Amino acid sequence: MPYLFALATQPPDTVYFGVQWGFDDHAVYAAWAKQAQEGRLLFENRFTTEQQPGLTLQAYFLLIGNLAKITGIPIAMHIGRLLFGFLFLLALYRLTRRLSDSSFVQATAFATAIFGAGTGYLYWARYLGDLGMNRPIDVWQPEAFTFPSLMTNGLFCAALWLMLVFVNSLLDAKDSWKPVLPGFLALLVLTNIHTYDTLTLAIVGAGFLATQIFARTVTGGWIFRAAVMAAGAIPSLLWFLHVRSVDPVFAARAATVTVSPSLYNILIGYGPLLLLALLAYFLGRYRPETGEAPGSAHTACTLLLLLLVVMVFMQGDYSLDQPWLDVAPWVGLFAAGLFVCAWMRPQVPAYGLLFAWLTMGLIALYYPGLFQRKLAMGLSIPIGLSAGLALAWLIERTKEESRRPLAVLAVLALSITSFKWIERDMLMARDNITNTLHLVYWPGEVKEILDSLHEKAQPGVSIAIAPPGIWRKEIVTTESGAQIEEYHVDVPDLNPVLTGWGGVRTYAGHWSETPDYAKKRAELMSAIMRTESGGATPERFEKFIEEHNVNFVVLTRDGTTIRSDKYIKPEYRLVRGSYFELYDINLATGEPESSPATRTSEGSEPSSTSGD
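When the letters of the sequence shown are read in order and numbered with our numbering, they come out as residues 2 to 613.
Treat the hints loosely; a few may be bogus.
What the hints assert, rightly or not - With a Cα cut of at most 30 Å, we get these calculated DSS-like pairs of lysine-lysine: (1) K544 - K567; (2) K567 - K520; (3) K474 - K400; (4) K520 - K544; (5) K520 - K474; (6) K570 - K544.
As the list claims (entries may be wrong) - Just the calculated beta-carbon pair ranges, DEER-fashion: (7) R95 - A414: 22 to 30 Å; (8) D517 - R473: 20 to 28 Å; (9) F87 - L186: 14 to 22 Å; (10) K474 - R564: 27 to 35 Å; (11) H489 - A9: 22 to 30 Å; (12) A228 - L410: 39 to 47 Å; (13) G560 - I235: 52 to 60 Å; (14) A252 - R564: 34 to 42 Å; (15) E402 - Y488: 45 to 53 Å; (16) V462 - T220: 37 to 45 Å; (17) I235 - A255: 39 to 47 Å.
Everything labelled a hint here was simulated from the structure, so no lab data went into it. Values in this document were obtained by computation on a predicted structure and should not be read as measured data. Cβ atoms here follow ideal geometry from the backbone N, Cα and C, with glycine treated the same way.
Could you build the full structure based on these sequences and the hints that come with them?
Below is the structure:
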């Protein structure tokens, strides 16, 4: 819906790349797809000018890039999102069916796992600086929830599908070798396209093993078959470690700090879903099928609640600058999680897996690594499914004719934050501002700039620069007297577009992909921007171009960027639009033009409707 709305309301003579949320990260995805579109098998990081071997293998964007030879990158990315989102839903339904024979229970749990979220709508924010990690995670972290993942990110859809293929295969492997190959292949590809999720599954798997050992349902054959499936991660993991050891740019990217938010904001982010999930196990929602006694479930849920409360109080001085726990304390927390899982020990393996995923998934968020926030992928699945079980149990206490309407109302109430994601994306299109320093609709000359780069630049070799983004916040008083915050992008950051959809290198292209991004962004700002935050001079601008072998420069026409008699002349201009201009520095230096990039198909060219 948000994308159809954006297309329907697109102003004339603008470029829409099919992205509202997370524009800069989608530029990274586009850059990988662009390289596959060019015919490459191994990718390089073009958001920096530093030398690198270019050894990244990314199966998902290899697929998307080859599809883009026919459709163009934006359409290919949406096809991938829809396709793998559908496959994920099928896998989720398969997992849901393991939990109950009741179609009512299945439907309720399935819907809650897809749409359910926390109370983030009470702490809502729309843009930029307001979307900090001091808010509940359902406001700003899509991978931690199913619906935002399905709505915003095809890579997340593929990763979630592969996670569930492995989970379903693991459960099926209890008595059969048949699911071992699908599980092996799923983990092989998952480790390649989203390595963090394999660590999540490993941590969860340890908890699941604890539940089954103490439930006395585990067998040596099951453990062996699970180990064979787990071996699927080894080839991709070895390649990852090799690339990190020989490619300092890749290693710097892998070392980007993405610390998890405080547990308080995580718990508020799941809110009523988490309470309902714990209620499901406390009540023993699964016991009618097994006849188990409730004592172990009561104790396990109480222990988990106590553990979470203790963790919240321990985080009184929580910092986002570095991981909360060192290795030894986290191992202690991990052991406590295993103890809780062992105490739970449900006889039905699917329930043991969901409880282990819920418990160990929360603990995984504080794994002592710089990337810990990314371990939230898929955590809403066990929480949402379990919450749906409790919800169905509560509604089943009412009259039969009122159960379905009550279930619909309850799921809607739990899904308010998910609907706010739709609203926010539509408002971004209306206001032409993403949650980063980028536009939803770019001036029409951006298409001409990309066309010129496709014609004159050498992919992965030519270097282009553009002014970094500048934004500001204003407090506006409405007609009713209320004060609201509005954000304005004074200068949109075109650098990710030049790399993502243009295929050239940029000096400061992305906050995570560019090593020492803050420093390089400041250097670019001081070289190209006239503003107080930049203070560029012609001499500094010329020196920057010469030191970094810049081939193409994008400037603005509103006076915010510097000019140079040496490099910025009408005869060097390739594109002159309403806001941006593109200059070919090769013409100024007298150097030969770069070899033109080969266009793979008409679909590789941007259009005023959908970009490249």
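Consistency of the hints with the structure:
1. With a C-alpha separation of about 11 Å, the suggested pair K544 and K567 falls inside the 30 Å cut-off, and the hint holds.
2. Using a Cα cut-off of 30 Å, the hinted pair K567 and K520 holds, with the two alpha carbons roughly 26 Å apart.
3. At most 30 Å may separate the alpha-carbon atoms for a hinted pair to count; K474 and K400 exceed this at roughly 52 Å.
4. Between the alpha carbons of K520 and K544 the distance comes to roughly 17 Å, so the proposed pair stays at or under 30 Å and holds.
5. With a C-alpha separation of about 23 Å, the suggested pairing of K520 with K474 holds against the 30 Å cut-off.
6. Distance check on the hinted pair: K570 and K544 sit about 17 Å apart at the alpha-carbon level, within 30 Å; holds.
7. Taken as a hint, the range 22 to 30 Å holds for the pair R95 and A414, whose Cβ atoms sit roughly 27 Å apart.
8. D517 and R473 have their C-beta atoms about 25 Å apart, which keeps the hinted 20 to 28 Å range intact.
9. The supplied range of 14 to 22 Å is met by F87 and L186, whose beta-carbon atoms lie about 19 Å from each other.
10. Take K474 and R564: their Cβ atoms lie about 29 Å apart, and the range 27 to 35 Å holds.
11. Checked against the given bound of 22 to 30 Å, the beta carbons of H489 and A9, roughly 24 Å apart, stay inside it.
12. At roughly 45 Å, the beta-carbon separation of A228 and L410 lies within the given 39 to 47 Å, and the hint holds.
13. G560 and I235 have their C-beta atoms about 57 Å apart, which keeps the hinted 52 to 60 Å range intact.
14. Range check, A252 to R564: Cβ separation about 38 Å, and the 34 to 42 Å hint holds.
15. At roughly 49 Å, the beta carbons of E402 and Y488 sit within the given window of 45 to 53 Å.
16. Separation of V462 from T220 is about 57 Å and departs from the stated range, judged on CB atoms against 37 to 45 Å.
17. With their beta carbons about 18 Å apart, I235 and A255 fall outside the hinted range of 39 to 47 Å.
In terms of the numbered hints stated before, the structure departs from hints 3, 16, 17, listed from lowest to highest.
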